[in-house]
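K.L.:
Read off the chains here:
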Amino acid sequence: MDYTLRGRVFIGVILVAMGLLSLRLAQLQLIRTDDYVSESETNALRERRVLPARGAIYDRNGRILVNNEPSYTVTITPRSFDADKIPLLADLLEVPDSVVAARFAELRRYSAFQPGKAFRDVPEDIFSRVAENFYRLPGVGYDQDFRRRYHTKATAAHVLGYVREVTDSELARLQERGYRQGDLIGKSGVESRYEFGLRGSLGSEIKVVNVHGLEVNSWQDGAFDHAPTSGYDMHLGLDTDLQALAESLFVGKRGGAVALDANSGEILALVSKPDYDPDVFTEAMDPEDWDHLINSPEKPLYNRATMNLLPPGSTWKPFMALMALQEGTISPTEHVHCAGYHPLGGPSVFRDMDAHGRIALEEALEKSCNTFFFELMMRTNVEAFSDYARMFGFGEQVATDIGEQGSGLIPDSAYYDQRFPAWGPGYTINLGVGQGDMGVTPLQLARYAAAVANRGTLYTPHLVTRMAHAETGEILYPQIAAPAKLPIREAHFDVVREGMKRVMEAGTGRWIQIPGIPSGGKTGTAQAPHGRKDDSVFILFAPYDDPQIAVAVQVENAGFGAVAAGPIGSLMAEQYLTGSIDASPARQWVLQSVLAVESEPLHGEEAAPEAARSPGQADVPEEAGPGEETAQAPQDSESAADIEADA
Amino acid sequence: MRIWYRNLDYLTIFAWVGLASIGLVAIYSTTNGPSAEYLLASVRQNFWRQLAWIVISSGAGLACLFLPVHFFQRVAWVAYLGTLLLLALALLFGREVNGARSWLYIGGFSLQVSEIAKVGAVLAAAQLVSSIRPNSSKVRYALLLVAVFMVPVALILLQNDAGTAFVFCAVAPVAVFWAIWPTSMFILMAASGVAGYFAVVHLPTALVFAALFTIFVFWKTRSRLYGAMAGVFSGGAIAAVLFALHQVFRPHQVARIRSFTNPGAEEFRSGVGFHLVQSKAAIGSGGLTGKGFMEGTQTQGAYVPEQSTDFVFSIIGEEWGFLGSMAVIALFTVLLVRVIQMGMQIKHPFGSMVAVGTASIFLAHVFVNIGMVAGLLPVIGIPLPFISYGGSAMLANTVLLALLLNLHMRRDDFPIYVY
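Residue numbers (the numbering used here), protein chains in the order written: chain P, 1 to 647; chain L, 1 to 419.
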C-alpha cells in the first residue's frame, strides 16, 4: 500500500495545526503583550507600602516630647486567607478564635485583596512565633509600624493630641493620600493639625506575590522601590517644665490655662484638666477606659483651654478701661461716685461689694470697683463694645495651628434684638464687669493679657515654632498670621497696666505676688450655673517692665479668682521666669494652698451644659457672693459629639 | 556485517532530547525558583522525579531498540490485552487523582495506566491492519479498528479520565483513514471537525464555513454525491455540537466548555476560567524574549494551576517568551513530520500504522494541550508529551517513539510481501 499521499496529507495537517498554534502564540506574545503584561503584574506584583517614621515633637528647649518606637502588625489578605486557619492563628497570637474571626470579617468587608492590619503592636516573642508559621498561614503577613512613645512627665495631652487608627469616614476622604485601613492618624492637637507634615510620605516596595498572597521575593531586585520620607519634627514653643508644673497645679480641678510669650504669641503652656494620657491610645484600649474618656461628665477629651466659654468676670475690667479711655468716655483722672451700687437699678440690683466713694480708674482696677465699670458700660453702646472686643480677638476663633477652638460669645445689638426684643441698658450693663451674655476662652484671655502687657500688639498664639526634617535638615516655619497693632494709644495702656500692677501690689493679687518680680494682673470670679461654686479666673503678665509671659487661667467651680486661678497663674509665671518656685515659706504656702483647692465635683445628671441664661437683672445681686462680682457661665460643650462620631 | 543502528533516525532523537530538556528546565523553575520554599513538600521533588523518569524511559526506549520487529508483531495483542487488564485493575483498585481513578501502585511507583494503554492500542491496531487482505471486508476491518480504540476508551471513561479518552477517540478515525478509507474522507472529517469547533466558539462562522466547504467540494468534484456528503458532514457536526450543548450537557458543563472563549468574564474568572486567565496572562506577558529563567512572576507565584503538568507550556511562554514557544513548536513539528516520514518509509502496514498512531497521539496531545493553554480550545486535561511533569506519559510516549525508531531502523526486516 502506498502511503505517500496520505503521508503528505497528514504532514499538511501537522503543519496547519502547528501554524495555527504559532499564530495564536504570536497573537498572545507579540501583539497583545501589553494587556497580558499588565494582567500578570496586577496579579503577581503587590505594591507594599513602606510607612515613613512619623515626625517627633520637641519642646522649646529641644527636649523630646514624643517620638516613635517600632511595633509589629500582623496583616491578613482576606482573599488568600483560609478561614480554616483561624484557630491556628488565634492560637499563635494567644487570643480567642472569635477575635480573629471578627477581625477577618471586618477586613474582608473593607477589601478582599489588600492586606489589612489585623493585629497591631504584637509583642516581639509572639510575633516571631507567628512569623515562623507564615508558610502554614496563606494570606498572613506583617507590617513594621511605629507607635508613639511619650517621654515627659508633662502629658500636654491637649497640645500634642493623640493618634489612632483612621476611621471609615476619614478613609473615604484620605484614601487618595495613601491612607489605608489600620493606619494611624492624628486625631487632635498638633498630631492632627500637622498630620501631613508629621506623617511624611510613603515609600513603596514591589513584591512578587504568589497565588496564596505570600510575598515570595522583591521584583527586579527592588529597582522600582522607593524609600519612604520621614515626617517633619515639630518644635513647639512649649516649656515642658512650665507645662508640667501647671498640670500638677490643676490636680483636683477642672479648667484651663494658657501661657504665652508676650512678645511672640508662642504658647509656653496650655493646660486643660481633666485630661488624659495620650499613651493610652497607642495600645488596644480597655472599653471601660474608652467609655470614661467619652462619657465622663468631666469630658477629659474636651480642650477647656481653647474651647471653654466662661464669662471673664473682673478680668474683663482692664479691657473696659482701655475701651473707655480710647473712646474718651473717661479720663485717667475722672472720678466716679460709688455708693456700693449703680444707680440704674437701685441699691439691690447692680451691686458692688463695697461703697468705694469717689474713685478713679487705677484705683477702680485695684479695688475692682463694679460701680465704676458699670458706669463705663453705661457710657458706651454695645456695638462699640463688640467692636473693641473683636479687636482683641474675642468672639471669634484665631486662625492658627490650634484645631479645636471655641469662638466665644461677644454680643452685639443684633444679638440682643434677636434674643431680647425689648432690651435696654439693664440688659447690657453687666458686660461692664465681664458677666452676662458673654463667654471667653483661656486662650483668648491669654492673648488679651499679652496685648495689654506689650502695650497693644496682638500676637497670634501658636504651638509650632518650626518644622525640621531629620533626614534633609530642611526647616520650615509655619505660616502664622502677623501680629496686629491695636488702635489704642500706648498711654492708655500705661494707665491700665499701672492699675493691674496695683492689683498685684495692693489688691486681690497681693498675696500671690511673684517674689522679687513686679507684675500686672487681674483676678475674676464668674458665677456658674446650677448654683454651683463660682468659676475662678485670672490674668497676669510679668515682669511688669519687660513682660515675657502672659498667663490666663480659668478654674471651674473653685471660688474666687484669687483663691484658685490666681496662685496657679502666679506660680506658672514664676516657674517660667526663674525656672523654679521660690522656697520661702510664704511662697510654699501659696503652692500648698492652691494644691488643696478643688473644683466642686460634677454629677452625672448635671453634665448636660446649658446655654447662657437670660441676664435677669434680679439674678446677679441675689447670688452675688461676699467677695466680688459674679457672672453667669454659659459653658460650652460641642466636644462630646465630635469625639463620639470618631469612636 | 551491517551496522545495526545505521538507519537510526537521529533527528527524532534530537527532538526528543530537546523536548525532554525543555521540560526539565521548566519544571526546575517551578520547584527550585525563589518561591520554592512556599511549595508543598510533595511538589518540591518534581524535578528529580522527572529526571528519574527520563532515565527510566530512556532505558525502556533503548531496550525497545534492540528487539526484532517480529517480537512486536507477536506481542501486540498480548500487550493490548495486558493494558486492558491494567485498566480494569485500576478501575477496581486504583487511586483517585484529580477525580480520575486511573492510577495503579506497582511497587513504589504509581502508574497512570491510561497512558500506558496507548502503547497497547497502537500495537494492536498495527497488528490488525497488517492482517487486512485485498479481499477483506473493509467495513468489518474499519469497525474492528475502531473497536480496538473504543474498548479502552470505555474503560478510561469509567475511570473518569475524559482527556485521555479524547486522545484515543481522536486516533481512531485517523487510523481508519490511514489504513482503509480514501484520503478524501479524511478531508471531509477534518472539515467536520473544524465546523464543530466553530459551532462552540462562534456559530455564524461555523455555518459560513460549512456552506463554503460544501460549495468548494461540489465545485471541485462536480459530484452531487460528494457535495451532499460535504454538506451533511459539516452541517451534521454543527448540529451534533449544538444538540450536545443544549440537550446533553448540563448548564455548568456547557459553561465549562464555553468558558475558554471568554475566560475573563465575571462568571468564569474565579472558577472554570481561572486556569485560562492565568495561563494566558503568563504566556502573553512573556513577550518576545520572556521574563527569564526563574523570573516569571506567574510561574514563581504559582498562579497557573497544574503549572508543571498540563499547563507546563505557560512556564515556557512566560520565562522564555515567543522564542521559547517557537522552539517547542519547531521541535514538535520536526518530531511529528519525522514520525510520519518514517511511517511512509516503512511501507509495511504494521510499521506505518505504529507511525501514524504515534503521530496522531502526539499531535492530539500537542495541539489540544497548547491550544488549551493558549486559550484556543476548551480545557481538556492532557499533558504535553515529553515536557509535562509525569512519569507514565513520559514512559509511554518514549516507548512509542523508540518502538517506531526500531521498526524504522529495521524496516528491511519486514517481509516485502505483506501476505
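Calculated from the structure, these hints are not laboratory results. Glycine is no exception: its CB is placed at the ideal position from the N, C-alpha and C atoms. Careful, some of the hints might be misleading.
What the hints assert, rightly or not - Which bits of chain L does chain P cover? Going by a derived footprint, with three or more residues having C-beta under 8 Å, they are:
hint, region
1, 77-86
2, 101-113
3, 327-333
Stated by the list, open to error - These stretches of chain L come out as covered by chain P in the derived footprint (C-beta under 8 Å, 3 or more residues):
hint, region
4, 15-22
5, 300-311
Stated by the list, open to error - Which chain P residues face chain L? A few, computed with CB under 10 Å, are given here:
hint, residue
6, R8
7, M18
8, S40
9, W511
10, V597
K.L.:
All the hints need checking, so say for each whether the structure fits it.
P.N.:
Now the hints, each set against the structure:
| no. | hint | verdict |
| --- | --- | --- |
| 1 | 77-86 | violated (count 0) |
| 2 | 101-113 | violated (count 0) |
| 3 | 327-333 | holds (count 3) |
| 4 | 15-22 | violated (count 0) |
| 5 | 300-311 | holds (count 4) |
| 6 | R8 | holds, 9 Å |
| 7 | M18 | holds, 5 Å |
| 8 | S40 | holds, 4 Å |
| 9 | W511 | violated, 77 Å |
| 10 | V597 | violated, 67 Å |
Of the numbered hints stated above, those contradicted by the structure are hints 1, 2, 4, 9 and 10, listed in ascending order.
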